[in-house]
Structure formats: structure tokens, C-alpha cells
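Colleague: Taken in sequence, the protein lines are chains Y and A. Each step along the first sequence adds one to the number in the working numbering, with nothing skipped, and position 84 is 84. Each step along the second sequence adds one to the number in the working numbering, with nothing skipped, and position 225 is 225.
It should be emphasised that the hints constitute simulated quantities derived from the structure, not laboratory data. Please note that a few of the clues may not be correct.
The calculated label-pair distances, taken between Cβ atoms and stated as ranges, are [as the list claims (entries may be wrong)]: (1) A:Ala218 x Y:Thr43: 49 to 57 Å; (2) Y:Asp41 x A:Leu167: 46 to 54 Å; (3) A:Ala69 x Y:Leu96: 38 to 46 Å; (4) A:Ala218 x Y:Ile62: 51 to 59 Å; (5) Y:Asp41 x A:Gly109: 21 to 29 Å; (6) A:Gly109 x Y:Asn46: 22 to 30 Å; (7) Y:Ile62 x A:Leu215: 27 to 35 Å; (8) A:Arg89 x Y:Asn46: 36 to 44 Å; (9) Y:Glu8 x A:Leu191: 46 to 54 Å; (10) A:Glu17 x Y:Arg64: 42 to 50 Å; (11) A:Leu215 x Y:Arg63: 18 to 26 Å.
Owing to the predicted nature of the structure, the values given are computational and were not obtained by experimental measurement. No residue lacks a Cβ here, since even glycine has one placed at the ideal position from N, Cα and C.
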Amino acid sequence: MDRFANVEIDSVLHQPVRTRIAAYLATRGEATFSELKQALDITDGNLDAHMKKLVAARYVKIRRDTGDGRPQSSYRLTAAGESAFHSYIDSLQRLLHFEP
Amino acid sequence: MLPRATEQLNAIHAMMESGHRSVRLERHTLVLWGLAAAFLILVVRLIFTPERFPETLQRVLASNLFIGALLTAVGVIDLRLTRRARRQRDETLSFVQVQLTKIWWLLVGLIVLINLGMNLFGGGYMFYGIVLALMGIAFYVHGLFSQQMLAWIGVLLIGLGLGGVALNLPFVVMEWLAVFVFGLGFPLLALVLQRNSGDIGLAQRLGTMCGWLLLVLAPTGAAYHFSHGSVAPEVPAVSLAEYRQGVSDGSQVVRLPAGTLVPIVIEVTGDILDGVGTAVLPVRLSHSLDLSVSNGRPDGLFRVDEEHWKKALYNYRVRDVNLQTTLARGRGPEVSVKLDISTHN
Chain Y
1 MDRFANVEID SVLHQPVRTR IAAYLATRGE ATFSELKQAL DITDGNLDAH
51 MKKLVAARYV KIRRDTGDGR PQSSYRLTAA GESAFHSYID SLQRLLHFEP
Chain A
1 MLPRATEQLN AIHAMMESGH RSVRLERHTL VLWGLAAAFL ILVVRLIFTP
51 ERFPETLQRV LASNLFIGAL LTAVGVIDLR LTRRARRQRD ETLSFVQVQL
101 TKIWWLLVGL IVLINLGMNL FGGGYMFYGI VLALMGIAFY VHGLFSQQML
151 AWIGVLLIGL GLGGVALNLP FVVMEWLAVF VFGLGFPLLA LVLQRNSGDI
201 GLAQRLGTMC GWLLLVLAPT GAAYHFSHGS VAPEVPAVSL AEYRQGVSDG
251 SQVVRLPAGT LVPIVIEVTG DILDGVGTAV LPVRLSHSLD LSVSNGRPDG
301 LFRVDEEHWK KALYNYRVRD VNLQTTLARG RGPEVSVKLD ISTHN
């Protein structure tokens, strides 16, 4: 692994489901739990576990809307999350040079 | 095991594309905007008549305010219904859809402004062509981030609008086309998009597009056919001399034989002109003309050389208006005006 020593990888984002969540939120802007579940095609429990990690890392924030109708929670990337996602893509592109 | 960089980048690319293509036009959006536009096309001319609003500026401002207010109301209702529908399905409005909604509103605002400009400065015969093309652009842009069918219908609308202008189709044909595109085509498209929520194959898309076009063009043709024809007015025919003497009042047909003098009264004003009064240009009829008259005013029905009766709304057009200023050495300054009055469409 010495050859990867110069490439710093974000351990929160370097996980397939969390990478996809961040990529989806980066372009969609905002999404509810149901929309994320549908887009990623994973179970509630799996998604919930990954969302908790992203929220704990302050990469994702939750917006709770209690306006007319039923309450709704939606997720979006924080500024830190967006920055981390862009850095992660840079890291992946640098890693590409080391792949066979 | 850690994922490979290429796999991760591919996954990111796929999810970003999925996030971008997250736009969906709600069924009520197309129904609301379509019916409102068709309603406006049909009623504005009936409400804002020269009889009710004798001043042109007053009439133009009032009609455009009415159009603007109604479309604003439709925009607000559409947004509220969309947000409610999304909330009920536990969905949000994506970033792209919010931006596209702004583009939609801008294009609608542009249509109102173009209408106002054409009402004041002319060029109205192009109006519905431009409206269809602008709506086509709105659909096309939506289709780029949503179902491809929308983009296809967008291209079709652009083609209908520009084609109508290029082929010099009569204003009334374009008006009927716009009525059926909005009033029938939009709700039909809403149904099509709802039934095929995913993207459909090329053959099915082509078939749907042709079917949609047929369902819009057929009633347009029928409406034009049934509305442009006219029956002969069953009123007494009088000569110009009898009409002048006021032998009978009410509705009548006034017969003007070929060679009848039709003076064209020209009135020119301007801030750099002095002492300009009214001039009369003597023009004679080259064909005989029968004019239907009600209470001393032509009611829009006429016939040339005793052929079939026509409606002026469909068959009277001033085109090729040309105003040119010259300063010839021999004659000095001169303004020449050319225009062509046609009774064929």
C-alpha cells in the first residue's frame, strides 16, 4: 500500500453506498429517505445506518418540514459534505494512475 | 475489501446522472397550463373588444393585465399543487426542477411581453408561431432532465411554430392550432407521460408522437373548416346609391361594382413634420365587391365577383407593409409607403 501513501482517502465517503448517496445528493440537491431508498435500491436499515454516518460526519444535514400536510424530512449535503465529495473525487482520479 | 477507484467513479457518474434526471412534470401542471392558455386564446378577444375598450392602449393594457394575472395565478396554483403532491408521495422538488420551473415562468412572462409588444407595434400574425416555439423550448429543456418523450414533443412544437410562420399559415389556423395544442395536446401529453413514467423505445416514442400530432391537427383542421366557411346573408341587396340615400336601415348587402372609387384617407403626424393634413388617395375597385353591412358598419362578411361569401377575419390581410425614405437628387426627400391588401389566405 506504499504507493497509495500520498493519496488521502476519506474513509466516510470511500464506501460504495455512501459514495452513491453523496453523488445523488450533489446533483439532486435534496432528497427524502424514500427517494434515496428508491434511487439506491437498498433496505431501510442499510440506508438508515449509512445516513447516520454521513450525518455524524456533518456531511449531510436533515431538514424537517412541518408545513401543511404530513411532516417531511429531507437530506442535503452540507458545505463540508460538498467539499469532501469533491476532494474524494480528486483522490479517486489520482488513485486511477495506480490501478492496473 | 476497499472498492476500486474506477468502480467508485462509475458509481458516482451513474448516481449524478440519476440525480440530474430527477425532473418530472406533474399531470396537473400540463392540464392547468394547457387549459388556461386555451381559455385565454378563446376568450380574450371576446372580452376586450373595441366596443368595450375604444382606446387601443387601454384595450391592450387591460387584456395583457388580465392575461398576466391569470397566468400568475396558474403558476402559483401549479407550484402549490406540485409541492402538495410531492409531499404526499414523500418526495421533494429537485434542484434542477426548481431551476426549470423558473425557466418555464420566464418563458411564459416572455410570451406575455411579446403579446403586449405585438399588440402595440404589430407583427401579430407571428404570435402563435412564436408561442408554440417557446413552449417547445420549455418542453425540450424539461425533457433533457426528464422523460425523453417531453423533449421529442418539444422539438415537434418548435417545428409546428416555426413551420407555421415559414409557411405563412393564416393567423386563424395558427390560433386554432394553439387552442388544440394547449387545450387538448397538453392534457393528452400529461396522460402519456403518466402512463410511461420511464423512458420508452424509439418506435413507441415515434408512434406516440405521430398519434399526438394527429389528435391535435385533426380538430384544428375541423375547427378551421367549420368556422371559416360562411353562408350568404339573407338580407336585401342595395346599390351604393340606394345605400347612400338611406332607403332601408338595419342589415343589408351593399353592392359595389368594379371601378367604384374607394378613397383611402391618409393621415400622417410626427414631431418633425409641419402643416401636414389629411390626404385622400383615390383607389378604385378592380373587381365587384358585395359588403354585408349592419347598422351602417361592415360586419365582416364580403364576397368578390359574386363568388362565395367570406369572413374578413379569415380572408382579409394587409401584408408586405413597407415604408421607405429616399432623398433622390432630382426629386428631393420622399417617403414611399407600400402595402398589399389581400382577400386570399
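Colleague: Evaluate each hint against the coordinates.
Modeller: Hints, one by one, checked against the model:
1. For the hinted restraint 49 to 57 Å between Ala218 (chain A) and Thr43 (chain Y), the CB-CB distance of approximately 50 Å keeps it satisfied.
2. Range check, Asp41 (chain Y) to Leu167 (chain A): about 50 Å between beta-carbon atoms, so the 46 to 54 Å window is met.
3. Between Ala69 (chain A) and Leu96 (chain Y) the C-beta distance comes to about 57 Å, which lies outside the given range of 38 to 46 Å.
4. A C-beta distance of roughly 52 Å is found between Ala218 (chain A) and Ile62 (chain Y), which places it inside the suggested range of 51 to 59 Å.
5. Checked against the hint of 21 to 29 Å, the C-beta distance between Asp41 (chain Y) and Gly109 (chain A) comes to roughly 40 Å, which is inconsistent with it.
6. For the pair Gly109 (chain A) and Asn46 (chain Y), the beta carbons lie near 46 Å from each other, so the given range of 22 to 30 Å is not met.
7. Roughly 46 Å separates the CB atoms of Ile62 (chain Y) and Leu215 (chain A), a value that falls outside the hinted 27 to 35 Å.
8. The supplied range of 36 to 44 Å is broken by Arg89 (chain A) and Asn46 (chain Y), whose beta-carbon atoms lie about 22 Å from each other.
9. At about 53 Å, the beta-carbon gap between Glu8 (chain Y) and Leu191 (chain A) stays in the expected band of 46 to 54 Å.
10. Taking 42 to 50 Å as the suggested C-beta distance range, the pair Glu17 (chain A) and Arg64 (chain Y) does not conform, at roughly 29 Å.
11. Taking 18 to 26 Å as the suggested C-beta distance range, the pair Leu215 (chain A) and Arg63 (chain Y) does not conform, at roughly 43 Å.
Violated hints, listed in ascending order, are 3, 5, 6, 7, 8, 10, 11; each of the other numbered hints is respected by the structure.
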